[in-house]
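Participant: Each chain is listed here by its residues.
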Amino acid sequence: MVGIVLVSHSRKIVEGIYELASQMTGGKVPIGIAGGTQDGRLGTDATEIMEEIKKVDEGEGIVVLVDIGSAVMSAQMAIELLGEEYEGKVKIADAPLVEGAIAASVEASIGSDFDKVLLVAEEAKKLNKL
Amino acid sequence: MVITKNDVLKIVDKIVEVIKENKEYLTELDAAIGDADHGINLDRGFDAVKQKLATLPETTDIGTILKTIGMTLVSTVGGASGPLYGTAFMRAGQVVQGKNELSEEDIVKIFEAALDGIKQRGKAEAGDKTMIDSIEPAYKALKDSLENNIALPEALNRAANAAKEGMEYTKNISARKGRASYLGERSIGHLDPGATSAYLMIKSFSDVVNLS
Numbered sequence: 001m002v003g004i005v006l007v008s009h010s011r012k013i014v015e016g017i018y019e020l021a022s023q024m025t026g027g028k029v030p031i032g033i034a035g036g037t038q039d040g041r042l043g044t045d046a047t048e049i050m051e052e053i054k055k056v057d058e059g060e061g062i063v064v065l066v067d068i069g070s071a072v073m074s075a076q077m078a079i080e081l082l083g084e085e086y087e088g089k090v091k092i093a094d095a096p097l098v099e100g101a102i103a104a105s106v107e108a109s110i111g112s113d114f115d116k117v118l119l120v121a122e123e124a125k126k127l128n129k130l
Numbered sequence: 001m002v003i004t005k006n007d008v009l010k011i012v013d014k015i016v017e018v019i020k021e022n023k024e025y026l027t028e029l030d031a032a033i034g035d036a037d038h039g040i041n042l043d044r045g046f047d048a049v050k051q052k053l054a055t056l057p058e059t060t061d062i063g064t065i066l067k068t069i070g071m072t073l074v075s076t077v078g079g080a081s082g083p084l085y086g087t088a089f090m091r092a093g094q095v096v097q098g099k100n101e102l103s104e105e106d107i108v109k110i111f112e113a114a115l116d117g118i119k120q121r122g123k124a125e126a127g128d129k130t131m132i133d134s135i136e137p138a139y140k141a142l143k144d145s146l147e148n149n150i151a152l153p154e155a156l157n158r159a160a161n162a163a164k165e166g167m168e169y170t171k172n173i174s175a176r177k178g179r180a181s182y183l184g185e186r187s188i189g190h191l192d193p194g195a196t197s198a199y200l201m202i203k204s205f206s207d208v209v210n211l212s
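Residue numbers (this note's numbering), protein chains in the order written: chain A, 1 to 130; chain B, 1 to 212.
Next up, chain A with everything else stripped away, as it sits in the complex (with noise of 0.2 Å):
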């Protein structure tokens, strides 16, 4: 199945969005999160976004959610620092960090491949609600 990490600047952001996709996708779906500092600030840090990513990785791929500002530049270096091996397999998703990560946990628990799932993320942003 294709893995997903969640990344925000924020703890309670990521956790409140993994107890949503979890709960819309019965917890199929192989679901990390990286946010905070270690010491508890707000930001973001790459090695943890690493970690996340290669706890999620099932060998179908892996798409990442951002929010703003640093959770982008962190999870590019994330990237980077995995090296070859992950090559062309983790891709940050263009998309608003809540309705992409529940449209791309969907996608991924009804078994639709890497590109299909990415896709679907970057969709959401135009979704309308009104």
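Accuracy of the hints is not assured; some may be wrong.
To be verified - What follows is a list of derived Cβ distance ranges for each label pair: (1) T55(B) / L130(A): 53 to 59 Å; (2) D116(B) / E123(A): 32 to 38 Å; (3) G59(A) / N172(B): 49 to 55 Å.
Said to hold, decoys possible - With a Cα cut of at most 25 Å, we get these calculated DMTMM-like pairs of lysine to aspartate or glutamate: (4) K177(B) / D67(A); (5) K116(A) / E85(A); (6) K91(A) / D116(B); (7) K123(B) / E122(A); (8) K123(B) / E60(A); (9) K50(B) / D39(A); (10) K109(B) / E80(A); (11) K50(B) / E51(A); (12) K89(A) / E60(A).
Claimed, not checked - Here are some chain B residues the structure puts well away from chain A; computed CB gaps all over 10 Å: (13) L9; (14) V18; (15) A32; (16) A54.
If you are wondering where the hints come from, they were derived from the structure by calculation, not from laboratory data. Glycine included, each C-beta is placed from N, C-alpha and C at the ideal position.
Mind docking chain B on chain A? Use the hints.
Facilitator: Chain B only, in chain A's frame:
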């Protein structure tokens, strides 16, 4: 003139000290146009760097020292300056891998690698009101000075002055990157915190070399 491993460690100590002294100041600058954490974040990061370096074996080369600083910043800073300075130190370490002393040419290479790394990571250029506005002029001043046979201490002094001018210039421009870009033209009139911390680091480098 060469820079020894011991000099590198002294420069890092100086940076740790100067960042700590300016922690509140950098945070105040960031409070005006960003998220008010730049000083706190960098201070946490460089505290961790100090602790981490103390655990490295004495035989560790300069490249590994710089890469270790980079990795530590990446995992402890938290804000955008983590991946940015982290990339800068890691790229700098790569170009001097295995070396126990640095030639003038190596120092130019370190600046170049750090600058390129930051530009690539942040997708920013000079004039965007970022740390690049300090580092790029410093790099150019250093390179020009050394090419004109100016001694390293004076070349670094000129680099620090160029960084200072670059930092001051960020007051006159509006932010195109980072949290401050949400403010657009309202960011004019404020120094960029990243350009300021970058200047402080370059100044620390110059001060240590000029005093030794």
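Participant: Against this structure, judge whether each hint is valid.
Facilitator: Here is what the structure says about each hint:
1. T55(B) / L130(A): 53 to 59 Å: Because 55 Å falls inside the window, the suggested range holds.
2. D116(B) / E123(A): 32 to 38 Å: holds, 35 Å
3. G59(A) / N172(B): 49 to 55 Å: The hint (49 to 55 Å, Cβ to Cβ) holds, given that G59(A) and N172(B) are roughly 53 Å apart.
4. K177(B) / D67(A): holds, 16 Å
5. K116(A) / E85(A): holds, 22 Å
6. K91(A) / D116(B): With Cα atoms ~23 Å apart, K91(A) and D116(B) stay inside 25 Å; holds.
7. K123(B) / E122(A): This hinted pair holds, its Cα atoms lying about 21 Å apart.
8. K123(B) / E60(A): violated, 30 Å
9. K50(B) / D39(A): holds, 17 Å
10. K109(B) / E80(A): Between K109(B) and E80(A) the Cα gap is close to 22 Å, so the pair holds against 25 Å.
11. K50(B) / E51(A): This hinted pair holds, its Cα atoms lying about 24 Å apart.
12. K89(A) / E60(A): Holds - the C-alpha atoms of E60(A) and K89(A) are around 8 Å apart, at most 25 Å.
13. L9: Holds, because the least Cβ-Cβ distance between L9(B) and chain A comes to about 24 Å, which exceeds 10 Å.
14. V18: holds, 21 Å
15. A32: holds, 17 Å
16. A54: holds, 18 Å
Violated hint: 8 only; the structure is consistent with all others.
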